[in-house]
Amino acid sequence: MKPRIYGEKQLKRRKRADLAERIMFVMLRLSSFTVIFFLVFMLAYIFKSGISAISWEFITEAPRDQMTAGGILPAIIGTLLLMAGSSVISVPAGIITAIYLTEYARSRRVVRVIRMGISNLAGVPSVVFGLFGLSLFVVFLDFGTSIAAGSLTLGILNLPVIIRATEEALATVPGSYREASLSLGATRWQTIYRIVLPAALPGILTGAMLSLGRAAGETAPVMFTAAVFYSPDLPSSVFDEIMTLPYHIYVLATAGTKIEATRHLQYGTAIILIMLVLLLNLSGIIIRFRFRRR
Amino acid sequence: MKIYKSAIFDKIIEKAFLAVGMTSIFVLLLIMLFLFREGLPLFGSVSLPDFLLGREWYPVSGHQRFGVLPLIAASVSVTLLASAIAVPFSLSIAVYLSELAGRRTREIIKPAIEIIASVPSVVIGFFGMVVVAPFLQSQFGIDTGLNLFNAAVMLAFMAIPTISSISEDAVSSVPVSLKEASYALGANRWQTIYRITLPAALSGIWTSIILGISRVIGETMVVLMVAGGATTMPTSLFSPVRPLTSNIAAEMAETGVGSVHYHALFAIGIILFIITFIFNMAADYLSDRYKFKER
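Respectively, the protein sequence lines represent chains A and B. Heads up, the first sequence is in the numbering used here, so the first residue is 1 and it goes up one at a time. Heads up, the second sequence is in the numbering used here, so the first residue is 1 and it goes up one at a time.
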């Protein structure tokens with residue numbers, strides 16, 4: 001009988017497999033870097049094309065000459081107001097929901113039902129949130145196109161983001177902390193308030209930052225509920241309509257009569273919006289990073 | 001006495017938190033209620049088959065037609081194409097990050113992917129409009145760069161963070177013991193990834209793809225700005241089209257509250273809600289099954 005050795009055929013196969021490995025690894029690397037390259041190219045292109053529009057006047061003045069000149073102050077203010085208004089709703093409700101799910105809930109059924117609600121809410125398309133906000137807040141409750149209607153719509157839209165981030169943050173707090181506190185005679189609320197929440201705070205803040213960034217960038221839910229093409233005055237009440245950065249970009253880029261002439265303003269507004277969102281994300285990342293270091 | 005009081009307080013907090021915790025469910029039901037309240041009246045003037053299978057969408061002409069088939073076809077084709085582009089890239093990133101990349105590279109690429117997720121959709125739409133569209137137009141010699149293909153590319157870019165991050169979780173949760181067994185049998189790294197790791201992570205990968213697709217279907221601003229906006233059936237890769245979401249966004253401003261057109265746009269909202277609802281339930285069901293149990 002022939003002895004089985006590692007022969008010619010096996011060697012060939014082995015070589016083929018190793019070649020396939022090398023080719024595939026190069027492909028994986030290439031496609032990963034392609035995606036990153038596209039991102040960098042997009043951001044760099046927008047910055048290069050719009051940097052000339054950025055000036056002190058651009059962020060401190062209102063638009064002039066039918067929005068073909070001047071600044072974008074009303075849009076910046078409007079976006080900031082919507083961010084604040086939406087987080088007034090989403091942050092407390094989101095944190096409380098997450099605390100209930102991770103710290104209090106004992107019935108598996110209740111948890112499952114709430115979780116199902118959250119994940120479906122997270123999947124509802126943003127334009128459907130816009131329809132909902134329009135029919136409930138703007139028309140049915142008669143808020144009109146206003147900061148209030150837009151904030152409520154965005155607040156609901158952001159609820160799942162906050163809930164998930166808070167849940168994750170709460171899950172990283174070791175069970176031993178809770179046990180130690182409870183064994184000292186503290187109630188569950190005392191334990192949560194004094195021990196668990198402080199430990200989970202950085203994670204919760206990161207989630208809040210992310211949701212603020214999302215509120216700043218959303219367009220579709222806001223265009224039916226809060227935003228207008230142009231409003232010369234800054235809002236004086238929560239029932240006033242406003243300009244917002246993303247809607248401003250959209251309007252200038254698609255609806256104006258001077259689309260080409262205002263290109264630099266469009267790029268400039270895009271830069272401001274990107275900077276705002278990146279700043280929020282960056283602070284979220286920094287908070288998380290410092291937390292991990294400890 | 002004091003202990004007694006704080007125990008009661010604890011109970012009150014629990015009940016109050018439960019009430020707030022129900023907000024999500026309550027809001028979800030409210031959304032359904034208002035979509036149906038505003039959408040169903042359409043079927044007093046247009047029959048359901050005419051609505052779903054009608055090939056003409058003329059909302060403002062004298063003889064109004066509300067057939068959404070071209071819009072559905074647009075949504076489906078844009079979504080399929082976008083997924084076909086996004087899935088290979090996303091899986092490459094997932095495998096690269098969890099199996100190949102060194103710590104340094106990971107710490108650069110992961111945040112970069114998160115940044116993609118945070119770029120506002122209107123910015124991506126804007127880029128597609130002013131940079132990608134003229135490029136496509138001159139490269140392929142077509143009438144307009146605002147078309148199905150352009151929209152699919154931009155949407156794929158947006159879906160990559162969703163798909164890659166969830167499938168990376170799935171891939172890296174595959175137990176090391178499985179891979180070690182594979183190496184011990186003489187398989188090289190790629191054979192192990194392809195034959196062992198990816199199949200073991202498959203239901204997580206499917207979850208990520210379903211969630212990614214669900215996001216693509218619901219995305220509005222990118223298709224509104226980039227897809228071209230023609231309410232005709234797509235005939236080629238470069239046809240201008242108008243998906244469901246962008247149709248709502250484009251026409252809501254010009255319609256009167258309570259008109260037939262208004263109700264028709266809400267009826268489109270119902271379609272979108274139902275589609276994404278089904279996708280999310282499917283993703284939920286799958287993601288419950290993929291977690292490896294500790295042994």
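Hints were generated in silico from the structure; no laboratory data involved. One or more hints might be untrue.
Unchecked claim - A partial selection of chain A residues facing chain B, derived with a Cβ cut-off under 10 angstroms:
no.	residue
1	K9
2	I23
3	Y45
4	W56
5	E57
6	F58
7	I59
8	T60
9	L184
10	Y247
Unchecked claim - Derived contacts from chain A toward chain B, CB cut-off under 10 angstroms, selection only:
no.	residue
11	R22
12	A171
13	L197
14	A199
15	L201
Beta carbons: idealized from backbone N, C-alpha and C, even for Gly.
Going through the hints against the structure:
1. For the restraint placing K9/A at the interface with chain B, the shortest Cβ-Cβ distance is roughly 15 angstroms, beyond the 10 angstroms limit, so the hint is violated.
2. With its C-beta approaching chain B no nearer than about 9 angstroms, I23/A sits inside the 10 angstroms limit, and its interface hint holds.
3. Among the interface hints, the one on Y45/A holds; its C-beta lies about 6 angstroms from the nearest C-beta in chain B, closer than the 10 angstroms criterion.
4. Hint status for W56/A: violated, given a least beta-carbon distance of 23 angstroms to chain B, over 10 angstroms.
5. The criterion of a C-beta within 10 angstroms of any C-beta in chain B is not met by E57/A, whose closest approach is roughly 22 angstroms, and the hint is violated.
6. Hint on F58/A is violated. Least Cβ distance to chain B is approximately 17 angstroms, over the 10 angstroms limit.
7. Nearest Cβ of chain B to the Cβ of I59/A: about 17 angstroms, over the 10 angstroms cut. The hint is violated.
8. Proximity of T60/A to chain B is violated relative to the hint, the smallest CB-CB distance being about 22 angstroms (cut-off 10 angstroms).
9. Because the beta carbon of L184/A sits about 12 angstroms from the nearest beta carbon in chain B, more than 10 angstroms, this interface hint is broken.
10. This hint holds: Y247/A has a C-beta 8 angstroms from the nearest C-beta of chain B, less than the 10 angstroms allowed.
11. The closest approach between the C-beta of R22/A and any C-beta of chain B is roughly 8 angstroms, which is under the 10 angstroms cut-off, so the hint is satisfied.
12. Interface hint status for A171/A: violated, as the beta-carbon distance to the closest one in chain B is roughly 14 angstroms, over 10 angstroms.
13. At a threshold of 10 angstroms, the smallest CB-CB gap from L197/A to chain B is about 13 angstroms, leaving the interface hint violated.
14. Restraint check, A199/A versus chain B: the minimum CB separation of about 19 angstroms is more than 10 angstroms; hint violated.
15. The beta carbon of L201/A is not positioned within 10 angstroms of any beta carbon in chain B (closest approach about 18 angstroms), and the interface hint is therefore violated.
Checked against the numbered hints listed earlier, the structure breaks hints 1, 4, 5, 6, 7, 8, 9, 12, 13, 14 and 15; every other hint is satisfied.
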